[in-house]
Amino acid sequence: MDLLIKADLLVRTEQALGTMRDFLRADGGDVELVDIEDDMTVKIRLLGQCKSCSMSIMTMKAGIEEAVRKAVPQVKSVIAVEEEDFKLI
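Heads up, the sequence shown is in this note's numbering, so the first residue is 1 and it goes up one at a time.
Hints are computed from structural coordinates only; laboratory data are not their basis. Hints are not guaranteed to be accurate.
Calculated lysine-lysine pairs in the DSS-like style (CA-CA distance at most 25 Å, straight line) [said to hold, decoys possible]: (1) Lys6 x Lys76; (2) Lys6 x Lys70; (3) Lys43 x Lys6; (4) Lys61 x Lys43; (5) Lys70 x Lys43.
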């Protein structure tokens, strides 16, 4: 993926996640953008209470993924990853 295109996608995705943060933080959680893959899969990490909440799958699909896909229609899906699922380089 072209770096300028990816940078734009990352900014727009981060803005979409920002619209969800107040709701997540109100319940003791948060979300962090990890990456956008070439296949247009957004990887996020759920933080705080979101990490262990039984409703996190519903929150992710009905809230986070919907907000991201509305702001960035090119995104195919949003998945949550654990810290051990990725390596920082």
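Flag every earlier hint the structure violates by its number, smallest first. none
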